[in-house]
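> Listed below are the residues making up each chain.
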Amino acid sequence: MTRTVLPFGPQHPVLPEPLHLTLTIEDEIVKEAIPKLGYVHRGLEKLAEIRDHTQMIQIVERVCGICSTLHAMCYCQGIEALMNVEVPSRAKYLRVVWAEMHRIHSHLLWLGLFADAFGFESLFMQFWRIRERIMDLQEATSGNRVIVSVNVVGGVKRDINKETEKWILETLDKVAREVNQLKTTILDDFTVKQRTVGIGILSKEKAYELGAAGPTLRASGIAQDMRQTGYAAYPELDFSPVIETNGDSYARTVCRFNEIFQAIDLIRQAFAKMPEGELAVKPKGLPKGEVVSRVEQPRGEVLYYLKADGTKFLDRLRIRTPTFANIPPLLDMLPGCDLADVPILILTIDPCISCTER
Amino acid sequence: MFMTKTVLKNLLTKYATRLYPFQTRETFKDVKGELKIEIDKCVFCGVCKMRCPSQCIGVDKKGRSWEVDPFACVYCGICVDACPVKCLYQEGMYKAPVAEKHMVFHAQEEKADAPT
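Residue numbers (the working numbering), protein chains in the order written: chain A, 1 to 358; chain B, 1 to 116.
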């Protein structure tokens, strides 16, 4: 059998962002995949040298549109650790609310894109219609639809009053109901199962060995969630990681689907336990030392390494995003699958290329 | 088959989208939209220029003028929070698209009774 080398991407209908894979195929079966990254590198880490540490909050928010507030939260937590700032309790709970809103809209976006990838366009529109409700919540509470810019060093900038809280909870009830109505369509449909069940299996051992993160890891049966490390108000909230054990495309879909309900529950808990109080404390001095800050994003664990030397500018900023961790598991899943399944497998790791290349 | 109920419901309910631009939604309160200035209040201290992460603001203290590149502005609102005299504000709507890029320039008129 002759081998054919097929370039996949960087421009491909299923990819919103440029990722190139050189696929070696044999009779429509993928034998080898070699990735090529670097099409959207922006040099954000280098910017830390010419923008001061407070301006960097706005810059790290733009690493990724989908998880903007989580990037800022991770960065602010790092700087707070360097400056020994204790964040007020209310701010911690508000951070959880915005972070979980991000998780819901990211997972709904992904479910829509995933449905679109296997040709189920009407389901894609259903998910995105529900997502609009969350986008409205974000716009009303933070002032921006996508880049939710609420984090500052020492707390948050905006408050959520009782009236808005009631509206948010009502909207979340609607979202939960509407998402639940689509449950049978995305999880029990014959066509969907044909395209996902048993395809792209990532075993528990391989997932651990290759350093998978987020739902990709949890769908392989490893209960690891950075929220368990206890940042923000998560130690006071009751939750356990959503896990699936099969490790195939279907398991990853179920995992993300169930995480939407978990996120809704976490927002409800956060509002129920949220204390009154101030929103932010003013930090004194300048950051000095080095720290690693970790946060669970919708796609997995994000890691910030910050090194400061006591000046306004950071010495070094290093960002490791979840998609970067999920590329080796993707390369493990691809060999042996049909060429027609490649787009779906790429989507199941929820790739965010601009995150990866920063 | 599972979608039949949803499809029927969709047929009987109104559109989920709006006929933009003929039909628009009212903006939410405190939405970060286009950056504006009340130039008469401005003291040209330059704090907004220093704080801006995208460096889109220019302040000329001698010429008593203020300018912004609305196409470089990222609508973060840092300048609005930082302004000591609160002369900056953000309107609830984003800037409408235009065919050519330009700077927005404001200069303070010299007051008639100002000492020369």
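Since the hints were made in silico from the structure, they are not lab data. Fair warning: there could be bad hints in the mix.
Per label pair, the in silico range of CB-to-CB distance [stated by the list, open to error]:
#, chain 1, residue 1, chain 2, residue 2, range
1, A, M125, B, K101, 30 to 38 Å
2, B, K14, A, P328, 41 to 49 Å
3, B, L8, A, E132, 15 to 23 Å
To list a few chain A residues with every Cβ distance to chain B over 10 Å, as calculated [to be verified]:
#, residue
4, L23
5, Y39
6, E45
7, L113
8, S122
9, E139
10, I147
11, I168
12, L169
13, F271
14, A272
15, F313
The C-beta atom is built at its ideal place from N, Cα and C for all residues, glycine as well.
> None of the hints should be skipped; say for each whether it holds.
So, going through the hints one by one against the coordinates:
| no. | hint | in the structure |
| --- | --- | --- |
| 1 | M125/A / K101/B: 30 to 38 Å | 34 Å, holds |
| 2 | K14/B / P328/A: 41 to 49 Å | 47 Å, holds |
| 3 | L8/B / E132/A: 15 to 23 Å | 21 Å, holds |
| 4 | L23 | 33 Å, holds |
| 5 | Y39 | 22 Å, holds |
| 6 | E45 | 15 Å, holds |
| 7 | L113 | 18 Å, holds |
| 8 | S122 | 7 Å, violated |
| 9 | E139 | 6 Å, violated |
| 10 | I147 | 8 Å, violated |
| 11 | I168 | 13 Å, holds |
| 12 | L169 | 17 Å, holds |
| 13 | F271 | 19 Å, holds |
| 14 | A272 | 25 Å, holds |
| 15 | F313 | 13 Å, holds |
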